[in-house]
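Asks: Each chain, written out:
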Amino acid sequence: MRPLEYARPETLEQASELLADGGTPLAGGTDLLALLKDDAVTASRLVDLKGLPGLEDFSAGPEGFRIGALARLADLAREKALVDRLPALASSFDSVGGPQIRNRGTLGGNLLQRPRCWYFRRGFGLVPVRDGRSMVREGDNRFHAVFGTDGEALFVTPSTVVPLLVALGAEAEIHGREGVRRAPVAELYRSPDPGERELHLEPGEILTAVEIPDASDRTVASYEVRPGESLDWSLATASVVLRRSGATVRESRIVLGQVAPTPWRSRAAEEALAGGSLSPDRVRAAAQAAVAEAEPLSMNEYKVQLARVAVERALHRAAGREVPS
Amino acid sequence: MSRDDRDPPRGWTRRDFLRSGAVAGVAGSFLAHPLAGNQQESKPKRVAGVEVLGPGPVPVALRVNGETYRLRLEPRVTLLDALRDRIGLTGSKKVCDQGTCGACTVLLDGEPAYACSVLALEVGDATIETVEAIGDPESLHPLQTAFVEADAQQCGFCTPGFVVATKALLDRDPKPSPERISEALAGNFCRCGTYGGIRTALTGPAGPGKETDHG
Amino acid sequence: MVEYTWPPEEKRSILGDRISRLDGPVKVTGAAEYSFDVRRPGMLHGKILRCPHAHARITRLDVSAAREMPGVRAVRVIQDEGSEIRWALDEVVSVAADTEELARDAVRAVEIEYEVLPHFVDGENKDEAFESSPAGSRTEGDPDAAFEAAVHRHRGYYGLPSVSHNCLEAHGQVCEWNGDRLTVWASTQVVSSMPNQYADALEIPASNVRVISQHIGGGFGSKFSADRWGIECARLARETNRPVKLMLEREPELTVAGDRPSSYAEVEVAADGDGKLVAWRSSSWGSGGLAGSRGAPPLPYVFEVPNRRIDHLSVVTNVASARAWRAPNHPQGCFITLSALEDLAAEMDVDPYDLLWDNLDLTGRLEPIYRDELPIAEELMGWKKRWTPRGEGGKGPIKRGLGLGVHTWGGRGHRSNCQVTIHPDGVAEARLASQDIGTGTRTVIAIALAETLGLPLSKVRVSIGDSVYPASGGSGGSTTVGGVSSSTRRAAVNVREQLFQEVAPHLEAEPEELELAEGTVRVRAEPDRSITWEEAIGFLAGHPVTNIPLSASGSNPGPGQLTDSGVGGVQMAEVRVDTETGIVRVEKMVAVQDCGLVVDEKTAISQVHGGLIMGISYALSEEKILDPVTGRMLNTDFESYKIAGYGEVGELVVHMMTGEGYDERGVIGLGEPPVISPGAAISNAVANAIGVRVPYLPLTPRRILDTLAGRGGRS
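Protein chains in written order, with numbering that gives the first Met the number 0: chain A, 0 to 324; chain R, 0 to 214; chain S, 0 to 714.
Chain A extracted, bound-state conformation (with noise of 0.2 Å):
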């Protein structure tokens, strides 16, 4: 790690104000001191939010939930009100890492960590590209994008958190210097070009809270494939949100996560779910439509299959069938 300046503000417009002097947000820490002893950011200050008040809050209301960016995903897995109103939720911020992550993580954290790509996590930037050629093309990419590759940028978004919050539309509250945005948290993320960042965020804005919508009346559930039982990163996540009458599936949000540079939404997915049931054959063809227009790379057509099983086996929870885990 290179040297740097530590501040720990009390006040959001102290954090905007230091940050966009140069700051770097420090939340859990456990993303962003791994990236700067590899050198893969730099950073020159660190400002700590851990000192504002009110960013670990949650609140549980009939309109939905609203989790201060600074909550713990620990705190959060084992939240009384999401185990029992929104138990997706809940579990899949306890398949975060292992203990000693989420006791550090916080909900901000993990929306805005970085990619794994070990090309960006070797200093060669997140569209690495070597003699006008794009490294992750040219290179090993079994772990890279399936979807959105005919971009530049080719790494995949790391949360398996996302995709939920994305299918639930939800909310990022983010304080700047020039007052409060709010943009639904698909839209802090980006398939940057060359020497942009995918997360969109200005200088001096904080992520300081999520709202979720009340999702009461959906039937919600995720599926991540995760290989190994210990600390793992999952290599294909997908979460479906439904709203149905009956059995007839009415309207669905699909999204899934680790297969491209943004929350990837599957609307062919969504469509092809619409105005029936989620009998085998229907769940399934709607996982076909999903990894339909699937453009792999060269080491990774096996990412198109665990995309579709993703999706399939989501569904498949949603409607209320075991699937292997």
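It is worth saying that the hints were derived from the structure and are not from the lab.
Ideal placement from N, C-alpha and C gives every residue a C-beta, glycine not left out.
Any given hint could turn out to be false.
If you anchor each label on the Cβ, the simulated ranges turn out as follows [as the list claims (entries may be wrong)]:
hint: 1; chain 1: S; residue 1: Phe-129; chain 2: A; residue 2: Ala-182; range: 48 to 56 Å
hint: 2; chain 1: R; residue 1: Lys-174; chain 2: S; residue 2: His-505; range: 50 to 58 Å
hint: 3; chain 1: R; residue 1: Lys-174; chain 2: S; residue 2: Gln-500; range: 54 to 62 Å
hint: 4; chain 1: R; residue 1: Gly-203; chain 2: S; residue 2: Gln-560; range: 31 to 39 Å
hint: 5; chain 1: A; residue 1: Ser-324; chain 2: R; residue 2: Pro-58; range: 44 to 52 Å
hint: 6; chain 1: A; residue 1: Ala-80; chain 2: R; residue 2: Gly-203; range: 49 to 57 Å
hint: 7; chain 1: A; residue 1: Glu-12; chain 2: S; residue 2: Arg-75; range: 29 to 37 Å
DSS-like cross-link-like pairs, simulated, lysine-lysine; straight-line CA separation at most 30 Å [stated by the list, open to error]:
hint: 8; chain 1: S; residue 1: Lys-394; chain 2: S; residue 2: Lys-587
hint: 9; chain 1: A; residue 1: Lys-49; chain 2: R; residue 2: Lys-42
hint: 10; chain 1: S; residue 1: Lys-394; chain 2: S; residue 2: Lys-384
hint: 11; chain 1: R; residue 1: Lys-174; chain 2: A; residue 2: Lys-79
hint: 12; chain 1: S; residue 1: Lys-458; chain 2: S; residue 2: Lys-10
hint: 13; chain 1: R; residue 1: Lys-44; chain 2: A; residue 2: Lys-36
hint: 14; chain 1: S; residue 1: Lys-394; chain 2: S; residue 2: Lys-275
hint: 15; chain 1: S; residue 1: Lys-275; chain 2: S; residue 2: Lys-384
hint: 16; chain 1: A; residue 1: Lys-36; chain 2: R; residue 2: Lys-42
hint: 17; chain 1: S; residue 1: Lys-587; chain 2: S; residue 2: Lys-384
hint: 18; chain 1: A; residue 1: Lys-49; chain 2: R; residue 2: Lys-44
hint: 19; chain 1: A; residue 1: Lys-36; chain 2: A; residue 2: Lys-49
hint: 20; chain 1: S; residue 1: Lys-383; chain 2: S; residue 2: Lys-394
hint: 21; chain 1: S; residue 1: Lys-587; chain 2: R; residue 2: Lys-174
hint: 22; chain 1: S; residue 1: Lys-125; chain 2: S; residue 2: Lys-383
hint: 23; chain 1: A; residue 1: Lys-49; chain 2: A; residue 2: Lys-79
On the provided structure of chain A, position chains R and S as indicated by the hints.
Replies: Below, chains R and S alone, put in the same frame as chain A:
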């Protein structure tokens, strides 16, 4: 009680040093070997009304295993490096330094955390417990006795991390289910292959079985 | 005539019992001091600038800015301008500074430019290698005619990538000079020969070097060299006249400090109408970096098929040279051979258990061991009841399967010298410049000593891990336990004889009539005629050579059958494969293992566990992923270089072969044999479950799904 960030003098073990009351006297002679003597302290600086520390060494007090250590550290120094290199508590091991292996696991306010993934400056207000607080070789904690009996260590480099992670689990749940054990140990890795022994230490009264060992 | 052999079962007090390792308490409390933990007054921290390219020439190097940084005490150029670098992360410049952070700053301040040269890192792609050489070609019998005449034939392709040792305590050391004498706290598997390595490089007498290594955080074959970073550490310490600690960080630890050579093979094997193996042809190749493949895998493994032709090609890659990895070449040979035999059995429509059983006559002197072990493994796994033909692993996406592997290893005790001293306080101490890398060496020595002197473990002391003690071999090749237990036994017997000489008059007996047992010296034929150990020591204290402790040496090799070579082991795996995600879970492993005479059953079982678990790890997830673009290893952390975690390890069932036929062979090493078979057993179980061979390890979702989808191709 407070302690200074200085090495023990030649011929003293760290333990003697920590037990000694005459810290100032013996430590004085040791200044001949300043650990970070050339690091310029940064001038105090405020931005937006907030004190900005560093990048040079700044004072920090850490409450570790019931004692307060007053150190001067650069902000970039991790809790793990502060524990190992400055305080001399080397039971927490440095393996990956990336928050992925568990060998540096300590308890922050009673909860397991990776000491390599926390800056020392971040945890000045926390209660920090390292493996050294759990038991001594001469007076083992029952959990440690179970580890020894079940031969839940080989090279032993991951073992302190497993002991701390396990202690955190058992403090919350004295009779954990196999699933809970697996979850609680998901953030710790062993290279020699001691998981069978650890399982026995946590689930059985005795060590590995006589002929057939259901590890 | 002094009898050195191990006591028969009925005369043993603790030998072969389940003894907790003596260093358990210091390890579970964090009190055990590893090289990584050593802190010396005024100690500096060393770091190394490493070349990020797999092949390059240094075109510009300027260390002046680094040298001028405050707190930086030394900057040494290891490879200067013009040097050609042939593997990624090779050492270029070393620095020593007041803190670790400052040392890293200094490394970053070095100005360096490279001319990047073409590299080759894909050892499987042998035809494009810059350099390769035949490494063994052999023909026995007439394979072509035998294939022609055979009834069943199988042809297959199998491959394993390089894996890294990934010791949790990284390679490294602390060096401290006192005048022209050097002390090194090294994380090493070979305390005794380490002084020579430093002395040669530093041009000082070996007797001026002392190496201390009390606890070692894993080695697995990778810690036999002082290594260039060790010599650099000593030079930095000499230049600054301060102690210097230099431990590798995880990326170099994984990249340059550990490597098991890759291995690939095209195999043909054939059987006659009776199911007897009659012919084998294999063409194999592999790479362990600059060192080539470091020998060839033993093919065919264990089964000496009568007509065979093998050839092997050693491929050079721009990767740091391989190091001995547990049972060098055997896991590769075992995986390739036992996979091919399982595939042949599937084509013959027979149970592979039967195919192996019917061909055990081809295993030479191991035959009786395997004939003992296979039925035990069969029973512990329920093989005959539960095995189903390939591809009948169940309905639905989850398939189950069973797989089998067999292995062998030498493990004869190495050269070892031990000095046993009986101190005036009655404590018996064994001194050897051996080391305990986690295998339980310390405990084994204590048991051999206590057993021989009839003492409880509390009355013995083991002093190892210091080069001032009598020389003892390195911890490699599973030779340590056989070596140190034998030298300790002989030294202890010798000191016992001295004791009998001194004490016999007090018991009015002849020395040869005495024995040591239960903390007494007594007349063998009349156990009531005895004095306690303490009384005997008291007599010694009254001897003319007052207060001079009794002392004797012992060595291995030496008189008496105390150690042997050539163990056999059988392993079975049960797996569950999710054929939709390609995720494999090992539900159960059975290991039936011989190691001659078991000294400590508890640590012996732990060794087998360790082999099984490391085996599960390389079978399911471990591989060094080398970037085609940069030639660098890409997965240099624990989240991408995946080793098995607690949750990935299913039920482990271990059976140690003991008693008649085993005990009388003496003590044989156990560190390596159990790690050989898991790759074969697990791969065979997966093939049995899903109905098709996945030709590569590790068995990742990608390889399972690619195989199931018929996307063959390379690893």
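Asks: Run every hint past the structure and note whether it holds.
Replies: Hint by hint, here is what the structure shows:
Checked against the given bound of 48 to 56 Å, the beta carbons of S/Phe-129 and A/Ala-182, roughly 53 Å apart, stay inside it. Judged by the Cβ atoms, the range 50 to 58 Å given for R/Lys-174 and S/His-505 holds: they are separated by roughly 57 Å. As the Cβ distance of R/Lys-174 to S/Gln-500 is approximately 58 Å, the hint placing it in 54 to 62 Å holds. The beta-carbon spacing between R/Gly-203 and S/Gln-560, approximately 37 Å, falls within the hinted interval of 31 to 39 Å.
Checked against the hint of 44 to 52 Å, the C-beta distance between A/Ser-324 and R/Pro-58 comes to roughly 49 Å, which is consistent with it. A/Ala-80 and R/Gly-203 have their C-beta atoms about 38 Å apart, which leaves the hinted 49 to 57 Å range violated. Taking 29 to 37 Å as the suggested C-beta distance range, the pair A/Glu-12 and S/Arg-75 does not conform, at roughly 50 Å. Restraint check for S/Lys-394 and S/Lys-587: satisfied, since their Cα atoms lie roughly 20 Å apart, inside the 30 Å limit.
Under the criterion of a C-alpha separation no larger than 30 Å, the hint pairing A/Lys-49 with R/Lys-42 is consistent with the structure, at around 24 Å. Note on S/Lys-394 and S/Lys-384: the hinted pairing holds, with a Cα-Cα distance of about 19 Å set against a maximum of 30 Å. Our distance criterion of 30 Å between C-alpha atoms is met by R/Lys-174 and A/Lys-79, whose separation comes to about 23 Å. Among the hinted pairs, S/Lys-458 with S/Lys-10 is consistent with the structure: their alpha-carbon atoms are about 20 Å apart, no more than 30 Å.
A distance of roughly 25 Å separates the Cα atoms of R/Lys-44 and A/Lys-36; the hinted pair therefore holds under the 30 Å criterion. Only pairs whose Cα atoms come within 30 Å are accepted, and S/Lys-394 paired with S/Lys-275 is rejected, the gap being roughly 33 Å. At roughly 24 Å between alpha-carbon atoms, S/Lys-275 and S/Lys-384 fall within 30 Å of each other, so this suggested pair holds. Only pairs whose Cα atoms come within 30 Å are accepted, and A/Lys-36 paired with R/Lys-42 is accepted, the gap being roughly 25 Å.
Distance check on the hinted pair: S/Lys-587 and S/Lys-384 sit about 16 Å apart at the alpha-carbon level, within 30 Å; holds. Among the hinted pairs, A/Lys-49 with R/Lys-44 is consistent with the structure: their alpha-carbon atoms are about 20 Å apart, no more than 30 Å. Between A/Lys-36 and A/Lys-49 the alpha-carbon distance is near 21 Å, which keeps this suggested pair within the 30 Å criterion. A C-alpha spacing of about 20 Å is found between S/Lys-383 and S/Lys-394, which places the hinted pair at or below 30 Å, so the restraint holds.
For the proposed pair S/Lys-587 and R/Lys-174, the alpha carbon gap of about 24 Å is at most 30 Å, so the pair holds. Taking the CA atoms of S/Lys-125 and S/Lys-383, the gap is about 41 Å. The hint is violated against a cut of 30 Å. Among the hinted pairs, A/Lys-49 with A/Lys-79 is consistent with the structure: their alpha-carbon atoms are about 23 Å apart, no more than 30 Å.
Comparing the model with each numbered hint stated earlier shows that hints 6, 7, 14 and 22 do not hold.
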